[in-house]
Amino acid sequence: MNIDNETIAKMAHLARLDVNPNEQASLLKDMNNILHFMEKLNELDTSTVEPLIYLTDEVNVFREDEVQTEVSPADALKNAPMQDGTYFQVAKVIDKG
Amino acid sequence: MKTEQKTLSQEVFEKYELVVGLEIHAQLSTATKIFSSDSAAFGAAPNHHISLVSLGLPGSLPKLNKKVVTFAIKMGLATNCTINRVNRFDRKNYFYADLPKGYQITQDEMPICQRGYVAITLKDGSERKIRLNRIHMEEDAGKSIHDRDQRSSLIDLNRAGVPLIEIVSEPDIRSAEEAAAYLSEVRKLVRYLDICDGNMEEGSLRCDANISVRLKGDTEYGSRCEVKNLNSIRNLQRAVNYEFKRQVQLIEEGIKIEQNTLNFDAATGVTSVLRSKEMAYDYRYFPEPDLPPLTLSEELIQQIKDELPELPEQRVKRYRESFALSEYDAQLLTSDKAVSDYFQEVVNHTSNYKAAANFINGPVQSYLNENPAENIKMKLPAESVALIISLVDDGKINNTAVTQQLFPALVKNPGVDVLDMVQELNLLIDTDSDGLLKYIDQAVSMYPDKVTEYHKGKKGVLGLFMGEVMKLSKGKIDPKTANKLIVEKLDLLK
Amino acid sequence: MLSFHRNTYFHAMHQYSSLKSVQSEIKEGKIQLVELVEGYLQRIEEKKHLNAFVEVYADEAKLRAAEIQKKIINGNAGKLAGMILGIKDLICYKDHNISAGSKILENYNSIFSSTVVERILAEDAIIIGRQNCDEFAMGGSNENSYFGPVKNDADNTKVPGGSSGGSAVAVQADLCMASLGTDTGGSVRQPAAFCGVVGLKPTYGRVSRHGIIAYASSFDQVGPITKSVEDAALLLEVIAGHDDHDSTCSTAPVPAYSQQLSFTGKKRIAYLPETLNSDGLDPEIKAITENTIKRLIEEGHEVEPISFPYLDYVVPTYYILTMAESSSNLARYDGVHYGYRSQNAVDLESTYKKSRSEGFGDEVKRRILLGTFVLSAGHYDAFYGKAQKVRRLIREKTDEILENHDFILLPTTPGPAFGIGEKTDDPVVMYLADIFTVQASLAGIPAISLPVAISKSNLPLGIQFIGKRFGEAELLAFSKYVLNVTKKEVV
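Protein chains in written order, with numbering that gives the first Met the number 0: chain A, 0 to 96; chain B, 0 to 493; chain C, 0 to 490.
Warning: the hint list may mix true and false statements.
[To be verified] As a list, the in silico PhoX-like pairs of lysine-lysine whose alpha-carbon atoms are at most 25 Å apart: (1) B/Lys-304 x B/Lys-353; (2) C/Lys-422 x A/Lys-77; (3) B/Lys-304 x A/Lys-9; (4) B/Lys-62 x C/Lys-93; (5) B/Lys-227 x A/Lys-91; (6) A/Lys-77 x B/Lys-62; (7) A/Lys-39 x C/Lys-93.
Simulated from the structure, these hints should not be mistaken for laboratory data.
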């Protein structure tokens, strides 16, 4: 299959990335190249194969419902790009509703 | 923009059938969050109930709270669901400021419960079963505040990671009344199970409605719209009714219904578009690799089943059979678990079940409606209620006095002995019939024209005289005796 | 300022050979641990051009050395006392910056330590600094780091490999005694091969991922990069084992790996002929692999070719799955709660798009886009779903081979370290360089790269052994034996 610029734009939006117009062409070429490479898997018949989802044999890994406070509010905000001592701040969301 | 609610005739509307499915999110009342050990309690200062996991810090990993699983199974059992012995978590990927990881951990492909039902009873007495599609576990997001600061939105992650169960119904609901009954029943159930406090105003129970219409007799579903975040049963009804009309109007005008996500404005009663279908999100669900799957044992499920409290439906049946109460009384008594528990305690001390039901469905319920968070048990112990009932039964105080004077006084002064309060308020029925006759004479002489009316056949004015006698005697009369004597007196005056 | 005495002392006496000798020399008063640290600090400075370290914890390391010295003398020191190591810039260390080799975390300070760091510190290791790596572990050459490329000490025009390039070079060039790297598809083993050191990827779930910046959650494992198998065994012993924080971490007991290194008996080893006939396999690497086979047969072991029909599918399977998982794992870098926020952010959407586009490098962005695509509606089954199924085929076949054999022998890489900037324009060619390392990652089993030879152009050459699930003890003992028996060869 081949993807087009529109697909890249859709994926970029889903991933919240901007694609530089200069890079558009080479990105398209590379991505098609890689996807074509990935399609090699179609050579294998997997119709009776279950997907491998978990690499661990562990199941039912639980924790007890007991409060533990490990992080102070100050530490929570420590790496925030913008905060007012109480909240994380982000430039205003414009309501597109 | 509000669609002009053109006056289509009732006939036109009756051609159409309303189809509603509800998605209810219930915040579970566990001590900690679903995937981390920070507190899940409501009301803390912003960004105080946080942890590495709820902050989504690099290198943090989730770990499942066992109690969440137990609570989800409880709800599944209470709603006749199949409990999926094997179930797992998935990632739902999207971006929003209150979602620190950029994905929500939820259950998509293999939820913990499937295919149950909730039974509802409507005003006309008819019963319906609303089928459930699934119940699954997931985490709540944080909160964004957009209207406090002019230039920035404020984010509080206290709520990020609070455990939720999402209860998804099939589109079986056919009216606003059914929707309300269903939501009400679900709310009742989560409170009975003690897994969620069901507080819609505070957001611990939230409801989204998927609404579509179709011509009666059609088997295909129409395009549906999702109305999000309805925060009260009343708003649910209003939104459903509004949407029904809006969609029918559009169809009648030949306009196709756009599959949109809508917001309901409680102030104006109108829905508006929040997200259009083109902006419909691709969540790219895939299995959560950081959490191993669940394989629930039969022992665990049986253990939880054994520990289930008596459910409202079972209680109603029991109240009708053991206490000979009417369906109406039983339903009202069981509508709130705390109240129902209270009733059960009271009937441990009295066998006048009807009186107990009336007392609780009457003054107690009114009081609780005004004071919703009250713990009535603390204000008025069950034994006291039983005592009051026996006093009335023995003819020592009358019911009106109980409702209008004794009960309010007792709840205002908890701890005061019932008999002391009766004395203090001077409520003991005066058995001295002379006193009673005096009051009757007084009352009768105050309304000579009413006496005439009575003689003319207007028996209703008896109530007026009774009320007056009650007032004059400050409630210290036995109504039955008083009624007899008033009638005698009036007849005498003929 | 370091004295002349310490300088010569270090060079004369301290080509580090073993932790035991360090510990005994400290106990005997022959050296001071602080001097040792200073010696390494000086060497790091001298070899600054390699760009192996993003940050050096000079003062801290010296202070700690003084404390640990005392404990060694008093006889109450931990297992790693005397060990000076570095950690990859993906391993969280409380109150220290960590950047994942990326601008998007350039000034991020971790408020907690990873479990592996807690465990090595509890055993009195000294962490001398954090090491350069490919951005978010995405790369095989350490040319994708925001902090600049890392150079191979054997030849400064060559790459050290990646993504744990800095970690491997640091050990190669004696900038520290050992490193902790991470291996997702070969990121410990491949740079170990390029740099002539030992690199181990443990069984998936053997070591906790708590505090490891996630690249691909069902692949990532912390692994030691060391001069000797003994050190790898000791480090694994310390870091491995159940961790309450990590739900995927195994509850299987941890053997005392460092005590189980003596090797006896004869083993059954499989080699995969498809690997030796692989397109573009460097003839010298083919030769050392064949020589190893010969050597092992000479020593009385059974070595036989076993077909592995899925070799051509391991790389696409690996990349579909890791790109998908990482596209989700990297969604948290959004400029909102931590990390880089663009100056051009005027609302939420631009905060996301500008911060991420400015903060991430090109390779990361490309993988996120592809990962998003393979999970997207309409493509999930054909790509992600398909890859999960092929992963099962690969794992089952590999497990099957290991049911009848103790180890699998194959090259670590298709060639020795390649030139910096020689990076091909074709990303597929670049990804195919992982062909020998991704198999063990897909199967979730342990694998080790051993520095068995030097090439004609003086570049290190490594070979790889894959072991059974949770079979690190056997794998390490055998590895130590192999190194002895093959001794560094010049091809």
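Are the Cα atoms of B/Lys-227 and A/Lys-91 separated by 25 Å or less?
It holds: about 22 Å lies between the C-alpha atoms, which stays within 25 Å.
Just to be careful, I want the Cα atoms of B/Lys-304 and B/Lys-353 compared with a cutoff of 25 Å; is the pair within it?
violated, 32 Å
Do the alpha carbons of B/Lys-62 and C/Lys-93 lie within 25 Å of each other, as the hint requires?
holds, 21 Å
Need the status of pair C/Lys-422, A/Lys-77: alpha-carbon distance at most 25 Å?
The hint is violated at about 39 Å.
Holds or violated: A/Lys-77 with B/Lys-62, Cα cutoff 25 Å?
Holds. A/Lys-77 to B/Lys-62 sits at ~24 Å (cutoff 25 Å).
Between A/Lys-39 and C/Lys-93, does the CA-CA distance stay at or below 25 Å?
Violated, at roughly 44 Å.
Does the alpha-carbon distance linking B/Lys-304 and A/Lys-9 stay inside the 25 Å limit?
violated, 48 Å
When held up to the earlier numbered hints, the structure conflicts with 1, 2, 3 and 7 and fits the remainder.
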